Amino acid sequence: MITLRTALNANQTLRHHFIISYNKQIVSSLLNRDLVNTDRPVLVDRCCGNGFPVVISKRFGRRYRKWHHWPNDFLPFYWERQRQLPGHLRTGDEVQDIGTWDKKALILDAQFSEELKNAPEVVRRQFTLEFAERKEVVKYQKHHIMEVMRRHPMDKTSPEARITDYTVKIRNFLHHFLKVDPWAARMKIISNGLTLKRNRMLNELYYTDRERFDFVTKSLKITYSPPKLGEIYRKPTRKGELRRLATEYCDKIKTDKLEAYHQKLIQEQQEFEKNKESVEQWIKDEEKFLGISVSQVKPNP
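Quick note: the sequence shown uses our numbering, first residue 522, plus one each step.
No lab work stands behind these hints, which were simulated from the structure alone.
Just so it is clear, the structure is predicted and the values come from calculations on it, not from any experiment.
Treat the hints with caution; some may be incorrect.
Cross-link-like lysine-lysine pairs, in silico, BS3-like; alpha carbons within 25 angstroms at most [claimed, not checked]:
#	residue 1	residue 2
1	K785	K756
2	K749	K656
3	K742	K656
4	K785	K773
5	K677	K742
6	K663	K690
7	K638	K660
8	K690	K700
9	K656	K625
10	K749	K718
11	K690	K718
12	K709	K656
13	K638	K625
14	K742	K663
15	K656	K700
16	K677	K660
17	K742	K700
18	K625	K663
19	K718	K663
Use the sequences and the hints to build the structure in full.
As structure tokens, then:
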């Protein structure tokens with residue numbers, strides 16, 4: 522009689538195929554039952570230190586479970602799912618920060634102050650970007666980038682101005698994710714929303730004004746390819762990709778064999794041509810020696 526406990530001790534891979542409970546009595550009774558007659562499997566947690574299975578109820582049995590696909594090492598080619606960055610980092614920006622700035626420059630609210638013009642250097646330095654908050658630096662950079670992109674000094678609603686506004690905010694979030702707090706959940710949600718809004722505006726700008734779209738993407742260094750009309754994107758699947766690679770592999774074998782056979786026929790043809798020339802030359806020599814031609818030779822009845 523093979524029990525679940527014996528099978529788990531013998532084969533560690535079976536630990537990926539079982540249900541989990543916090544009741545040790547239920548688990549013990551399930552583990553001592555026959556492996557063949559068990560009505561439902563038991564999932565064992567590998568993180569348990571004492572080796573006894575830690576159980577989770579069936580309601581939460583599918584949480585935090587990592588699925589491992591069946592290995593495809595038996596195939597003559599290798600395939601692995603493409604690893605992608607998280608959604609909040611796949612924004613299409615070639616630059617992941619708001620850029621560089623002059624630390625000695627004054628913040629925007631202090632640039633037109635008459636008192637700072639005659640103030641001491643120590644006081645004036647307190648209003649520079651060197652001692653400014655991140656909010657003031659972002660505001661300063663946004664103002665200077667907007668001067669290049671907007672259509673007129675009061676422009677805030679044109680597609681270029683709105684895309685620039687979204688881009689500065691997105692890149693500020695990227696800086697926060699990469700250098701400050703990579704687990705900021707609320708900022709990730711806001712960043713994804715801004716990315717979707719910007720992509721929608723870029724898509725509209727692409728179909729309405731192609732030159733302006735090229736100018737915006739080139740100036741802001743944004744990589745964006747609008748979806749093609751009439752084409753449905755299908756997410757690559759494991760089985761589909763393996764079938765495609767298997768078809769390509771079989772076609773390649775067929776093509777290689779046909780090419781090898783073709784080269785073999787060419788080589789045999791060259792040898793045949795050489796033999797043919799030698800035979801024709803021998804026939805001509807015999808005709809010349811006998812003083813006859815092929816037309817004079819009568820076939821046998």
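Hint by hint, here is what the structure shows:
no., hint, result
1, K785 <-> K756, "violated (43 angstroms)"
2, K749 <-> K656, "violated (38 angstroms)"
3, K742 <-> K656, "holds (22 angstroms)"
4, K785 <-> K773, "holds (18 angstroms)"
5, K677 <-> K742, "holds (20 angstroms)"
6, K663 <-> K690, "holds (9 angstroms)"
7, K638 <-> K660, "holds (22 angstroms)"
8, K690 <-> K700, "holds (15 angstroms)"
9, K656 <-> K625, "holds (16 angstroms)"
10, K749 <-> K718, "holds (18 angstroms)"
11, K690 <-> K718, "holds (12 angstroms)"
12, K709 <-> K656, "holds (18 angstroms)"
13, K638 <-> K625, "holds (14 angstroms)"
14, K742 <-> K663, "holds (15 angstroms)"
15, K656 <-> K700, "holds (16 angstroms)"
16, K677 <-> K660, "holds (14 angstroms)"
17, K742 <-> K700, "holds (21 angstroms)"
18, K625 <-> K663, "holds (17 angstroms)"
19, K718 <-> K663, "holds (18 angstroms)"
Of the numbered hints stated above, those contradicted by the structure are hints 1 and 2, listed in ascending order.
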